[in-house]
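J.: Next come the chains, spelled out residue by residue.
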Amino acid sequence: MSQVIEYSETVMEHFSNPRNVGEIEDASGVGTVGNAKCGDIMRIYLDVNDEQIIQDCKFKTFGCGAAVATSSMATEMIKGKSVKEALQLTNKAVQEALGGLPDVKVHCSLLAEEAVHAAFWDYAQKNHLEIEGLKPPVEDIDETKEFYEMSGEKGRE
Amino acid sequence: MSKFIYLDNAATTKVKEEVYEAMQPYWKELYGNASSIYSFAGKSKKAIEDARETVAKFLGAKPEEIYFTGSGSESDNWALKAVAFAKREKGKHIITSKIEHHAILNTCEYLEKLGYEISYIDVDEYGVVKMDELKAAIREDTILISVMFANNEIGTIQPIKEIGSIAHEHGILFHTDAVQAYGHEPIDVNQLNIDMLSASGHKMNGPKGVGILYLRNSVKIGPFIHGGAQERGRRAGTYNTPAIVGFGKATEIAEREMDRRRNYETELRDYLIERVLSEVPYTRLNGHKTNRLSGNANFSFRFIEGESLLILLDQKGIAGSSGSACTSGSLDPSHVLLAIGLPHEIAHGSLRLTLSEENTKEEIDYVVEELKQIVERLRNMSPLYEDFVKSEKKQND
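Respectively, the protein sequence lines represent chains A and B.
Quick note on numbering: the first sequence equals residues 1 to 157 in this note's numbering.
Quick note on numbering: the second sequence equals residues 1 to 397 in this note's numbering.
Calculated directly from the structure, the hints in this document are not laboratory data.
Worth double-checking, as some hints may not be accurate.
[Claimed, not checked] Straight-line C-alpha distance at most 20 angstroms; calculated SDA-like pairs for lysine to any residue:
{"id": "1", "chain 1": "B", "residue 1": "390", "chain 2": "A", "residue 2": "27"}
{"id": "2", "chain 1": "B", "residue 1": "393", "chain 2": "A", "residue 2": "25"}
{"id": "3", "chain 1": "A", "residue 1": "58", "chain 2": "B", "residue 2": "316"}
{"id": "4", "chain 1": "B", "residue 1": "316", "chain 2": "A", "residue 2": "17"}
{"id": "5", "chain 1": "B", "residue 1": "361", "chain 2": "B", "residue 2": "224"}
{"id": "6", "chain 1": "B", "residue 1": "390", "chain 2": "A", "residue 2": "92"}
{"id": "7", "chain 1": "A", "residue 1": "81", "chain 2": "A", "residue 2": "100"}
{"id": "8", "chain 1": "B", "residue 1": "393", "chain 2": "A", "residue 2": "9"}
{"id": "9", "chain 1": "B", "residue 1": "62", "chain 2": "B", "residue 2": "170"}
{"id": "10", "chain 1": "B", "residue 1": "393", "chain 2": "A", "residue 2": "24"}
{"id": "11", "chain 1": "B", "residue 1": "316", "chain 2": "A", "residue 2": "9"}
{"id": "12", "chain 1": "B", "residue 1": "390", "chain 2": "A", "residue 2": "26"}
All values derive from a computational prediction rather than experimental measurement.
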């Protein structure tokens with residue numbers, strides 16, 4: 001039933017002591033991605049000021065060790081950044097910052113990027129802003145076959 | 001971290017001291033090839049035949065009906081593939097259950113590729129094979145029914161005698177994967193209408209790398225491993241003497257101590273189940289409350305995911321396992337938990353704790369206390385729990 005997953009020290013550290021866990025009341029933007037079916041759900045809360053600087057960022061995650069660690073790292077990486085800068089955050093950068101992820105866990109870092117973008121989409125909608133390059137979040141990632149293919153996994157059969 | 005509490009005995013068990021000691025002479029002193037003619041090898045041969053006799057007696061079988069193999073998986077593969085081949089003129093239909101071990105399921109999938117048809121019988125909410133569905137699946141060309149004795153994840157024990165009797169009424173062979181049950185549950189192959197049975201050494205305090213296939217004398221199938229004349233030409237490969245001796249010794253101990261062991265484990269298991277269900281909210285027991293293996297407990301904790309749970313338990317020195325997808329490298333949670341009707345979300349949050357007679361009540365108390373904290377910690381991090389709490393609050397306002 002179970003298998004030992006080899007995580008880097010940084011992943012284990014972020015999983016054991018996750019940064020920025022929680023909620024933000026009256027958040028500027030909230031994004032939730034993933035679904036229970038595939039076993040990962042991430043929710044990101046943003047507090048963005050008038051200068052479009054991310055003052056605070058929190059997360060809640062249902063998922064494996066890698067999902068928690070990527071959420072933690074992604075929130076750390078965008079905190080204090082401008083919206084524009086934060087949008088440049090890629091799953092690859094999160095992965096590198098974590099010292100790599102096992103192949104079967106790469107989709108977790110994709111989910112973190114999606115969650116951040118979904119939160120920005122919500123922020124843009126609330127403030128009637130058009131942010132270049134920002135796309136509406138995918139409603140049901142589980143049905144996005146490319147998602148799994150991108151992460152080098154086989155699609156569901 | 002000095003504390004270590006092993007609660008994964010369904011994965012593998014510790015070799016008993018007595019078993020270990022019994023194996024020792026066959027590495028460096030009595031290393032002779034049991035198939036050789038000189039008297040030095042005769043001692044190895046004798047040890048193997050003694051083990052065979054012990055196993056046969058334990059199962060109510062004849063010694064010549066016991067074949068030593070390399071693993072439970074090999075025994076499963078042999079039974080299914082060899083019956084499929086031997087009976088190919090009679091038919092190409094096999095009946096099994098949806099909750100079998102992958103040694104059975106993946107073998108069936110392979111046989112499907114070769115043109116065999118497999119009926120996968122559903123189970124009820126406790127994991128018991130639906131007998132009406134099983135009966136209805138029987139056809140003229142059905143050659144084999146294979147249903148596991150007890151499930152490795154949720155511990156449910158199947159109505160083996162009844163399934164065997166249905167098979168025999170229709171002239172169909174009955175195989176059971178008893179890897180989890182052998183040495184833990186009483187088994188008499190004649191009383192239970194079993195034609196073929198797979199078992200493994202390392203699930204009952206014996207060594208890894210050795211299994212058996214019980215093959216009723218009337219079952220005529222060919223070998224799976226071709227080669228030398230070992231096992232009366234039905235299983236080639238030089239005898240793994242130490243492992244076979246270990247298997248025999250573990251069986252001898254099981255025969256002697258099974259009742260006491262089962263009673264002890266059952267009491268401890270029920271204590272664990274009762275405490276977890278009453279002290280951790282939003283938790284369910286998977287499998288049946290009483291009709292389950294003595295050492296098996298399987299829970300689902302809502303709103304949390306199994307791998308995270310396992311890592312945090314591991315950090316507290318507790319070894320368990322989960323049916324979460326994330327622990328298996330696939331995206332789907334356990335096929336067993338889905339088959340008993342759990343939604344994906346609940347299946348992802350499962351935890352299997354399997355006890356042995358070495359576990360103590362103090363250990364269980366420690367595990368429950370740690371578990372309570374870990375589950376709460378993960379729930380506080382879970383968006384599913386957040387949504388649940390908010391919707392509860394809304395309803396109460």
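J.: Are the hints correct? Go through all of them and say.
T.: Outcome of the hint check:
With a C-alpha separation of about 16 angstroms, the suggested pair residue 390 of chain B and residue 27 of chain A falls inside the 20 angstroms cut-off, and the hint holds. Taking the CA atoms of residue 393 of chain B and residue 25 of chain A, the gap is near 16 angstroms; set against the 20 angstroms cutoff, the hint holds. For the hint linking residue 58 of chain A to residue 316 of chain B, the alpha-carbon distance of about 27 angstroms lies beyond 20 angstroms, and the restraint is violated. A threshold of 20 angstroms between alpha carbons decides the hint, and for residue 316 of chain B with residue 17 of chain A the separation of about 15 angstroms falls inside it, so the pair holds.
Restraint check for residue 361 of chain B and residue 224 of chain B: the C-alpha separation of about 45 angstroms exceeds 20 angstroms, so the hint is violated. For a cut-off of 20 angstroms, the pair hint linking residue 390 of chain B to residue 92 of chain A is broken: about 34 angstroms separates their Cα positions. Taking the CA atoms of residue 81 of chain A and residue 100 of chain A, the gap is about 23 angstroms. The hint is violated against a cut of 20 angstroms. The straight-line distance between the Cα atoms of residue 393 of chain B and residue 9 of chain A is roughly 39 angstroms, outside the 20 angstroms bound, and the hint therefore fails.
At most 20 angstroms may separate the alpha-carbon atoms for a hinted pair to count; residue 62 of chain B and residue 170 of chain B exceed this at roughly 25 angstroms. Note on residue 393 of chain B and residue 24 of chain A: the hinted pairing holds, with a Cα-Cα distance of about 18 angstroms set against a maximum of 20 angstroms. Note on residue 316 of chain B and residue 9 of chain A: the hinted pairing holds, with a Cα-Cα distance of about 17 angstroms set against a maximum of 20 angstroms. The suggested pairing of residue 390 of chain B with residue 26 of chain A holds, with an alpha-carbon distance near 15 angstroms, which does not exceed 20 angstroms.
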